[in-house]
Amino acid sequence: MSTRRLLTGVVASAAAVAAVTGAVYAFRSSVPVLSLGVLYLFAVLPIAVFFGRAFAVAVALASMLAFNFFFLPPVHTFTLLDRRDWLALVVYLVVALVVSDLASRARRRAGEAEQRGREEALLAALSVALLQGGRIEDELGRVEESTASVLGVPAVRIELGEPSAGGPSVLALRAAGRTVGALRIEDGAPDPVARDRFLPALASLLAVAVERDRLEREAIEAERLRLSDQVKTAILRAVSHDLRSPLTAIRVAAESLSSPSVTLSDDDRKRQLETVRHESARLDRLVANLLDLSRLQTGYSEPRREVVSAEELVAQALAELGWDERIRTELPPAPLLLEVDSAQVERALVNLLENALRFSPPESSVLVRVAAEDGEAVLAVLDRGPGIPPGDADRIFEPFQQLASDDGGRRAGRGTGLGLAIVRGFAEANGGRAWAEPGPGGGASFAVAFPLVPSPAGVER
Amino acid sequence: MTEAPTVLVVEDEPQILRALETTLRGAGYEVRTAATGEDALRQAALGLPDAVVLDLVLPGKSGREVCRELREWSQVPVLVLSAVGEEREKVAALDAGADDYVTKPFGIEELLARLRAVLRRALPATEPVIEIGELRIDLEGRAVYRGGEFVPTTKHEFGILRLLALNEGKLLTHRAILREVWGPAYQTESHYLHVYVSQLRRKLEPDPARPRYLLTEPGAGYRLVDPTARVG
Chain A
1 MSTRRLLTGV VASAAAVAAV TGAVYAFRSS VPVLSLGVLY LFAVLPIAVF
51 FGRAFAVAVA LASMLAFNFF FLPPVHTFTL LDRRDWLALV VYLVVALVVS
101 DLASRARRRA GEAEQRGREE ALLAALSVAL LQGGRIEDEL GRVEESTASV
151 LGVPAVRIEL GEPSAGGPSV LALRAAGRTV GALRIEDGAP DPVARDRFLP
201 ALASLLAVAV ERDRLEREAI EAERLRLSDQ VKTAILRAVS HDLRSPLTAI
251 RVAAESLSSP SVTLSDDDRK RQLETVRHES ARLDRLVANL LDLSRLQTGY
301 SEPRREVVSA EELVAQALAE LGWDERIRTE LPPAPLLLEV DSAQVERALV
351 NLLENALRFS PPESSVLVRV AAEDGEAVLA VLDRGPGIPP GDADRIFEPF
401 QQLASDDGGR RAGRGTGLGL AIVRGFAEAN GGRAWAEPGP GGGASFAVAF
451 PLVPSPAGVE R
Chain B
1001 MTEAPTVLVV EDEPQILRAL ETTLRGAGYE VRTAATGEDA LRQAALGLPD
1051 AVVLDLVLPG KSGREVCREL REWSQVPVLV LSAVGEEREK VAALDAGADD
1101 YVTKPFGIEE LLARLRAVLR RALPATEPVI EIGELRIDLE GRAVYRGGEF
1151 VPTTKHEFGI LRLLALNEGK LLTHRAILRE VWGPAYQTES HYLHVYVSQL
1201 RRKLEPDPAR PRYLLTEPGA GYRLVDPTAR VG
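Chains A and B, in that order, are what the protein sequence lines are.
Mapping the first sequence onto the numbering used here, position 285 (from 1) lands on 285, and the numbers just tick up by one.
Convert by adding 1000 to the 1-based position in the second sequence; the result is the number in the numbering used here.
These aren't lab readings, by the way, just hints derived from the structure by calculation.
Computed from a predicted model, the values in this text were never measured in an experiment.
Misleading hints may appear alongside valid ones.
Computed from the model, here is a short list of chain A residues facing chain B with C-beta under 8 Å [unchecked claim]: (1) Q115; (2) R237; (3) H241; (4) P246; (5) L247; (6) E255; (7) T263; (8) L264; (9) L273; (10) E279; (11) S280; (12) A281.
C-beta atoms are modelled at their ideal positions from N, C-alpha and C, and glycine is treated no differently.
Sequences are here, hints too, so could you generate the full structure?
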């Protein structure tokens, strides 16, 4: 009991005895003084209820003494003449003991009910937090805090799973015959009643939450697998479409050369043969792209870097595409040197050019511009196509991005979207970068840039 | 047909378009080309071709939409170029009025045969009695004979047979047959159709398990063919 409460008890007790003594004094002329002794019960009762047995007994004794001293003959002495006075004293004492006992029991009940209430409120709050989808790890801190306050100890720690170490301060959390975890009490002894009542409930709740966490993780994993299946299906669809377009052109052109129902002029035969050659090369590039992408994604594309000039790379890319007459070039006055894997950067350029040709109107040209900017060689491909939708400039470099706006197969056919992913992959593998922006006069500009290597000294211009 | 029939080829892949154009010209057709659905509709409006070869996957207006818009004012035969994976789009185009399809990558003999077939069907057929192989279908007398022998048919069986016979060789979708024979409210009730087609095969086919007249195009529909004369 605190000093403050002790002091309050002493003051209240003295005041109660004094008040009743005053009242007896006031009534003593009109009522036989002996029957007024019963008024002291008004002092004993409230003190017993509010301050417990010790104060009640003290007040009973004090009341008896005060009554004896002030009112019972011989007045102003503590001598008891009459045996009846002893009886009165015993009655006060018994009343004081019984009432204070009843009161303290009631107080204990109230305290216990309050404790239970706290435990239940905690469990309710915990179940709400855990079942509303909060992750159990995120809630543990709060659970530990509340548990410590319920058990009446400064701090506890909850470990999920099999406890790492035993000991007297480690309490197992068991539910349905399984160990859910352990409660480690850092300091102090827990209230045994609260411990035995609260911990099983806490354990059950944690078991439910742990189980729910596990199911949720399984669901997330299943969803991930489903998505990756979807992606694979989309890839297969797109790749099969991309393979089929050149195949269709090759088959039509090749069969027309030998069909009895088709008569071709020499020029037409050349055209058909040209289609076969051109589309075979395109098929080959598509297969190479698939391989490149899988190598990039698995990290098997270590570049073999060597010093090479930017225009050499452009020339190689143009040769690969068969010198398409729609492509124009713009080169810097002096050659720019880079240190890159020339095969990889050539493939990146071919992909950029193919992309530009594919999205440009048939008669418009595509420009390849090589320039030095801020210590970098920038190789840009500018087209007159429809341009890039705002906000998509970065997204289109992700693999299979052209599939994203699949509207019933209508646009799913516009290529696999492998090319740009490979451009970025190879650019970054070679210490460069790749980006897209609106072209200066409409259309789009796709560019790769690599750090410049200084030209050797003493080159004559 | 005295002069060369005109074919409008609609295909956005330039290499396929070029190979098709050269091939069809070599096969004796007058060829016009379009790379988009919009261009195709414009060209058809300027001068109707005798047939349209239409790719399903086009930028802008899809093949199905082109087909539907064409059908609003013209019965020009349409041959659809489709690919595996585009079955739904293909059936939608057929529902919208396309006459037949070939699947990429197609052989040119198949393409030329289908093209000849759709061009031939475009000629008006007015005879009241249609003969297909051993079958004789009397449209006015509402009677069917197999090898000269009368075959009793129910109202719906005859309705299906009549529709397929009038479009001999042409692929008709489930939806189209149901719409014509049962009415628009029934066009998704394809289980009726399966039942009646099985019954018809029992009555008409020499071996109903190996149909030769009433052929199934899986996932698309049915066509009635003359087994004694291959298409083309």
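(request) Against chain B, run the beta carbon of L264 (chain A) and see if the smallest gap drops under 8 Å. (result) Because about 4 Å separates L264 (chain A) from the closest Cβ in chain B, which is inside the 8 Å limit, the hint holds.
(request) With chain B as the partner, please determine if L273 (chain A) meets the hint condition of a C-beta pair closer than 8 Å. (result) The hint is violated - L273 (chain A) has no Cβ within 8 Å of chain B, the shortest such distance being about 11 Å.
(request) Have a go at the L247 (chain A) hint: is there a Cβ in chain B nearer than 8 Å to its own Cβ? (result) holds, 4 Å
(request) Double-check Q115 (chain A) for me: the hint is only fine if its C-beta lies closer than 8 Å to a C-beta in chain B. (result) Check failed: Cβ of Q115 (chain A) comes no nearer than 67 Å to chain B, outside 8 Å.
(request) Report holds or violated for the interface hint on E255 (chain A), using the least CB-CB distance to chain B and a cut-off of 8 Å. (result) This interface hint holds because 4 Å falls under the 8 Å limit.
(message) The hint names R237 (chain A) as touching chain B; please verify it with the least Cβ-Cβ distance against 8 Å.
(response) Since the shortest Cβ distance to chain B is 5 Å, the answer is holds.
(request) With a cut-off of 8 Å on the beta carbons, see whether P246 (chain A) makes it to chain B. (result) This hint holds: P246 (chain A) lies near chain B, its Cβ roughly 7 Å from the closest one there, short of 8 Å.
(request) Against chain B, run the beta carbon of H241 (chain A) and see if the smallest gap drops under 8 Å. (result) holds, 6 Å
(request) Would you check whether T263 (chain A) satisfies its interface hint, that is, whether its CB is within less than 8 Å of any CB in chain B? (result) Result: holds, 5 Å to nearest chain B Cβ.
(request) Closer than 8 Å between Cβ atoms is the bar; does S280 (chain A) clear it against chain B? Give me holds or violated. (result) Because about 11 Å separates S280 (chain A) from the closest Cβ in chain B, which is outside the 8 Å limit, the hint is violated.
(message) Would the hint on A281 (chain A) be counted as holding, given a Cβ-Cβ threshold of 8 Å to chain B?
(response) violated, 11 Å
(message) Would the hint on E279 (chain A) be counted as holding, given a Cβ-Cβ threshold of 8 Å to chain B?
(response) holds, 5 Å
Checked against the numbered hints given earlier, this structure breaks hints 1, 9, 11, 12; the rest are met.
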